[in-house]
Each structure stands twice: as C-alpha cells, then as structure tokens.
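Colleague: Those protein sequences? They're chains G and B, same order as listed.
Mapped onto the numbering used here, the consecutive letters of the first sequence carry residue numbers 147 to 515.
Mapped onto the numbering used here, the consecutive letters of the second sequence carry residue numbers 147 to 515.
Keep in mind that the hints were calculated from the coordinates and are not lab data.
Predicted model, so just to flag it, every value in this text is computed and none were measured.
Among the hints, a few may not be true.
Pairs involving identical chains hold if they fit within one copy or between any two copies, as the list cannot separate such chains.
[Claimed, not checked] Pairs of lysine-lysine, DSBU-like flavour, derived with a Cα cap of 30 Å:
id, residue 1, residue 2
1, Lys447, Lys195
2, Lys238, Lys203
3, Lys238, Lys494
4, Lys234, Lys176
5, Lys492, Lys447
6, Lys193, Lys337
7, Lys193, Lys376
Protein chains: 2
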Amino acid sequence: MSEKNSLLDAFKQTSYQVAGHGKREIQILKEAFQAIDGELESDIYGKGKIIEDFQDKMAAYLGKEKAVFFPSGTMAQQIALRIWCDEKGIRKVAYHPLCHLEIHEEDGLKELHHIESVLLADESRVIELADVIGMEEEVSCLLLELPQREIGGQLPEYETLEQISSHCREKGIKLHLDGARLLEIVPYYNKTAAEICSLFDSVYVSVYKGIGGIAGAILAGDQDFTEESKVWKRRHGGDLISLYPYIISADYYFDQRSHKMVQYYENAKELAEFFNSCHRVSTMPLLPVSNMFHVHFHATKEQVESILIEVYETTSVGLTSYLRETSEGACNYEVSIGDQYANLTKEKVNQVFRLLDERMRGLSLGNMG
Amino acid sequence: MSEKNSLLDAFKQTSYQVAGHGKREIQILKEAFQAIDGELESDIYGKGKIIEDFQDKMAAYLGKEKAVFFPSGTMAQQIALRIWCDEKGIRKVAYHPLCHLEIHEEDGLKELHHIESVLLADESRVIELADVIGMEEEVSCLLLELPQREIGGQLPEYETLEQISSHCREKGIKLHLDGARLLEIVPYYNKTAAEICSLFDSVYVSVYKGIGGIAGAILAGDQDFTEESKVWKRRHGGDLISLYPYIISADYYFDQRSHKMVQYYENAKELAEFFNSCHRVSTMPLLPVSNMFHVHFHATKEQVESILIEVYETTSVGLTSYLRETSEGACNYEVSIGDQYANLTKEKVNQVFRLLDERMRGLSLGNMG
Numbered sequence: 147m148s149e150k151n152s153l154l155d156a157f158k159q160t161s162y163q164v165a166g167h168g169k170r171e172i173q174i175l176k177e178a179f180q181a182i183d184g185e186l187e188s189d190i191y192g193k194g195k196i197i198e199d200f201q202d203k204m205a206a207y208l209g210k211e212k213a214v215f216f217p218s219g220t221m222a223q224q225i226a227l228r229i230w231c232d233e234k235g236i237r238k239v240a241y242h243p244l245c246h247l248e249i250h251e252e253d254g255l256k257e258l259h260h261i262e263s264v265l266l267a268d269e270s271r272v273i274e275l276a277d278v279i280g281m282e283e284e285v286s287c288l289l290l291e292l293p294q295r296e297i298g299g300q301l302p303e304y305e306t307l308e309q310i311s312s313h314c315r316e317k318g319i320k321l322h323l324d325g326a327r328l329l330e331i332v333p334y335y336n337k338t339a340a341e342i343c344s345l346f347d348s349v350y351v352s353v354y355k356g357i358g359g360i361a362g363a364i365l366a367g368d369q370d371f372t373e374e375s376k377v378w379k380r381r382h383g384g385d386l387i388s389l390y391p392y393i394i395s396a397d398y399y400f401d402q403r404s405h406k407m408v409q410y411y412e413n414a415k416e417l418a419e420f421f422n423s424c425h426r427v428s429t430m431p432l433l434p435v436s437n438m439f440h441v442h443f444h445a446t447k448e449q450v451e452s453i454l455i456e457v458y459e460t461t462s463v464g465l466t467s468y469l470r471e472t473s474e475g476a477c478n479y480e481v482s483i484g485d486q487y488a489n490l491t492k493e494k495v496n497q498v499f500r501l502l503d504e505r506m507r508g509l510s511l512g513n514m515g
Numbered sequence: 147m148s149e150k151n152s153l154l155d156a157f158k159q160t161s162y163q164v165a166g167h168g169k170r171e172i173q174i175l176k177e178a179f180q181a182i183d184g185e186l187e188s189d190i191y192g193k194g195k196i197i198e199d200f201q202d203k204m205a206a207y208l209g210k211e212k213a214v215f216f217p218s219g220t221m222a223q224q225i226a227l228r229i230w231c232d233e234k235g236i237r238k239v240a241y242h243p244l245c246h247l248e249i250h251e252e253d254g255l256k257e258l259h260h261i262e263s264v265l266l267a268d269e270s271r272v273i274e275l276a277d278v279i280g281m282e283e284e285v286s287c288l289l290l291e292l293p294q295r296e297i298g299g300q301l302p303e304y305e306t307l308e309q310i311s312s313h314c315r316e317k318g319i320k321l322h323l324d325g326a327r328l329l330e331i332v333p334y335y336n337k338t339a340a341e342i343c344s345l346f347d348s349v350y351v352s353v354y355k356g357i358g359g360i361a362g363a364i365l366a367g368d369q370d371f372t373e374e375s376k377v378w379k380r381r382h383g384g385d386l387i388s389l390y391p392y393i394i395s396a397d398y399y400f401d402q403r404s405h406k407m408v409q410y411y412e413n414a415k416e417l418a419e420f421f422n423s424c425h426r427v428s429t430m431p432l433l434p435v436s437n438m439f440h441v442h443f444h445a446t447k448e449q450v451e452s453i454l455i456e457v458y459e460t461t462s463v464g465l466t467s468y469l470r471e472t473s474e475g476a477c478n479y480e481v482s483i484g485d486q487y488a489n490l491t492k493e494k495v496n497q498v499f500r501l502l503d504e505r506m507r508g509l510s511l512g513n514m515g
C-alpha cells in the first residue's frame, strides 16, 4: 500500500473530521427527502412547483429578477459568458488564471463556445482594479470568483469590487460573479448576498459547497438573460426531465445552513490560528476571509503524511485525506469548514495541534537540517 | 377554463390510466432509495462503485466494451456525433427529419458543435437502405432511432438494419443508435439488446422511458470512444460531482422492468386493436412494434376532447391528458404502455371502448356530416 493510501485509510478510520459537513453519502439525499410527501409531482423540463419555487426563493435571496436551476456550475457559467459574448459580438472574456473555466473544465468554453480568455492578475493574488483598467484587449465580460478558491479563498476589498463594477458599467463590460462560495463570504464583507450581487450582471452560486446539497447550481440575472440561459441549458443537455433530486436537497440544506456561515467563518479563523501556531505550517490566507483556506506544510509530502497518520491514530481526529506536493519539500491541502468542526471539543483540538506542532518541530532537528 | 385544461383535469381525476408507469412523482425516488444503505458513498465526478457498477452492468447488457452514465440523452448523443465527426474530420451527420437532435434540442448540435445534418427519408416513414445508399453527401455518422418515436414508434425490418450496418462499415460511416427506447423493441426483433447493438458503433439508451427511472442516459461503445465521451461530458457540464440519484433509481427500475418489455409490447398490440375497432380512430403503426404507438382521431380536437372527458367521467379510466391538432379536423396523441395497463380489467377496457366507439360513431351522424 502506498503512503498516499495510508493517509486516506488513516483518515477514514478517524472518529472526528475537522473540515466539511461529513461524508458524501446517500444519507444526505435520504435525509432531505424524509419529510417530503411522495405524491409531490416532479418538475418537468424546467417547469413545475418544485423548480419554480426554489428559483424564486434564490432570485429573492440574490436580489436578481430571475434565477434558473442548473445541473452544474460548469454548464451555468459557460452559458452566462456565451450570452454576454453573443450580446456584445466579441468572443472574449477576462478572468483569473486559476479560474474554474480555465483549469477544471477541459476547455469547454473554448471547445464548445469558441470563447477566448484574457487572464488577469497572477497565480498568487486576486484581480485588482488596476488589472481591469490596464486590460488591453476588448472583452464582453469579466468574471470574478469570490473567494478565489485556488489561492486559498482570497478576496479583494469590497471597495475594489465597487470600483471594478463601476468601471465595467462605464466601459460596457458585463460583470459575472463566480459565486460558487458566495454564501461563505457574506460574513466577511458584512453585506447581504443581494448587496454583493447588485454589483454584478449575472451570478452563479453552487448548492453543494457551503450549502452541502448533492449537486447543482443557480444562475441568476435579469429575465432576458435567464430566458436565454434556458435555451442554452437545453442545448447543453442540462434541461433534464426531472432535476428534483438536486433541487429538493438544495432547498433543504439551504434552510439548514445558510444562517450558519458566520459560524463556519469564525471556526475557520480559529482553526487557521491553530495551524499558524505550529512549526513549519502556515495558512493561505493567514487570516481566512471565508470558511476556507489552504494549509501549507514546509516539509516533504512523505514526512507530513507520516506525521498526520500518527496524529489521526493518536487523537482519532482527521485533518485531511490527501496532500498535494507544491514544490520540493512543500505540500498543502484545502480546508472548508462545515458542520463537523462544531463536534470537536476545544480539548481535542488542543491535543491535535500540540502533537502536530511537536512532530513538525521535530523535523527541524532531524532530517530537514 | 379552456377545453384543454378540462381534458387534463378530467384525466387527473381518473382512478385508472391506460398508459405509462404512473405519475412522475417523488415516490419514484423514495421507493428506489428505500432499501439503500445510507452509508453508501456517493459517486464522485464519474468515479466510485455506484456509477462504475451500473456502467459495467449496462455495457454487458448492451454487449459493448464500456458504458458511461450521462445526465441526459441530449448530451450523450451530441457528444457521440461530435466524436465521430472529429475522428473523420467531416462535420456532417445523417438522420431522420424527426430526429430528437433536429427538433427538440434547440439546435445544440449546430450551435455548440457546428455539425450539419443531412436528412434522410421523410416524415411519414423510417430510413431504408435505399436512403442510405442514395445519400449524396459525405457524412461521418448515420444515426438511426429505433423505434422512430415521432411517427408512432416505427421500425425497419431487422434485415434492413443488418444491410445498413454492412453498408456503413464498408463506406467508413459510423453508425449510432438512438436507442432511447431500445429495451422496448427487443421483443419485436426477438433479438437480445446486445445483438441489436452489435450492428452499431455507439449506442444511447434512456433510463426513464420504458425503464421508468428519474432521468439520465447511457452511452456505450468501445473504450476509446467512451473515454473521449467523458472529456466532452465534462465540457458540457455533465460531469456532476454526484449522479447517484439518477443511477440508483435507473438500476432499481431496470431490474424491476427490463424483463417486462414483452408484456408491454403485447399490451400495446391489444390496446391498438381496441382503438382500431372504433369509428374514426386508427393507430400508427396499425400493429405496434414496441410498447408505443400514436392514436389518430379523425375529428376535431374539440369534439374528441369532449368525448374523452365523458369517457373518463363515466368509466374513471384515463386515456390521455392531451391532444395535438395534426390538421383541420384531426388530432392525435402518443401512447407508451407501462405498468399501469395491467391494473385494468378486460371489463373496464371493454366499457371504455364501447363508449368511445359509440360517441365517435355518433359524430358521423351529427355535425361531421
């Protein structure tokens, strides 16, 4: 068995996990459907009470005229950008180099929609006003991802967002929000979701990140935009006869968790402080601005794996199931706080970090030189 | 309230329905999940036991090397045709004028994949060997829909399929099966699904027609083809983090119903005979070759609606919730036999058709002249 499998195995055997809402298992669906009347009629190709009610609820929450439920954010966002490109007649959009569309979608935007991307900022930081003003190419749309997931969930200042929004409106550039984790940033900005969304022409929100549903996404905007998005949804093969398994669970967990984002955010800050107090460990960002951050270990993947396995076996608390090697002698992983953190006693957390710090410190004296 | 709503309302109030498996309601999901262990882990982006086991099962059933679960047939089929077009370097495919891709998908094939269609045969009949041999343009792929749904579910002779398949192999044209209702034609051809599929390079099957799942589709072929289809599935936004709500229900209802296709086929033939014995009513095809057919009324939509409402109210048996006007003084609807037909006694059926015949006959003496 490889080292990697050992970490995963050790993680699976822990009684407590620090991050997330819990395992992605069938019970998530069963719980959401438990109280639902079996005679409730399915949505049919985007119509019917189940889908329309949830779309209305999310439109209101996001402060947009209309919202449309999609099977995935990948589909919703490509479509949003396509609509804005068709409207302006320029097949070019701007976004961050680590944008989901650039690195996780097999180039669907390019292969299916023939839309080019202009990359702003760089892989270490978020897009700032100067990046937008300094953009040399003409684009139809600018996509901002809040928080910028691949760099640990960083955010620009709210004032920057307002300035970028004003600039785009002046220049006739549509502004699209990749709000996969929009709910999760509401506490930091201390604005309502609708206030944040008012800076954008179109908004995508995931229903299975902080909300913890099964799959699916919401795309919101004005009615012309959302009607057009439904045509593209059919073209993409996303206008399923029944989307209710995702909608009912999204609705159920939205009600369970949308008010808990402050708790997750506070937990994330506390947990990051624990990590930052350990030798050879730091978080990105140092002070989280949402429920998420990255944990960077300044030691080899093999060294950290063996330390984590010891921590899991000793405390029965699991931190992560995987590590990514980032460079020679460094590795990291991603944390997103959910319901599970609240199940840990302060005593347990202290025990975990005392041991982690001790072992990471031990590396300095040993084979790390 | 319009006449159309009255027919729907009267249909909804009947105790028995002649066609289908029953209402599309949440109970379909609840039943499928009832016996499933809550601790079973979700599929994750196309991986995991739930999705892999079902894909293997369907690949074996269809006699293909591999199968991939898709959220929709729309997505699966566009992707199949795209792969064959890319392989041959010709963005042109041939299919029937009433092909799903031509009339129900908002031109996704053209808008997303820039693939042109060459239409074979005409709206009254299926594609025959002569249509394929006589094709003047060079195409990458020929799609055959079995049965041809929009003309009542018609089929070519099996020998014709074999001849078309041989011809395509000779000419280097890929042959794709739109087998949305493949299981439903197995009894008529008296071949296994795998035997039928062996004539085709790629095969799509729906899991919510005869099988009666919630949504979803299978795309099968050799491994190179299915691996490529997964890349496109991600590009389309169909590689959802969790597809298990559709997979578990597809698997459950496949096991419940795949062996009942002979029953549905026999029921369809019996029911068509009842319709054809009525004045001013005929079925297309006259003798069904699957579980489906169209019922044509040679009277105005308004006349037939009022007769059907009387039939529903008198017998508490519902035939259809809608009628489509096909021309001046004619209308039709589609029947697909499922589990519900078996709940009707012969006596009930006789009562329905005695009354229907009497009322349709009455039109001849009255205002139809």
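Colleague: Failing hints, ascending?
Modeller: Violated hints (numbers, rising): 2, 3, 4 and 6; every other hint is consistent with the structure.
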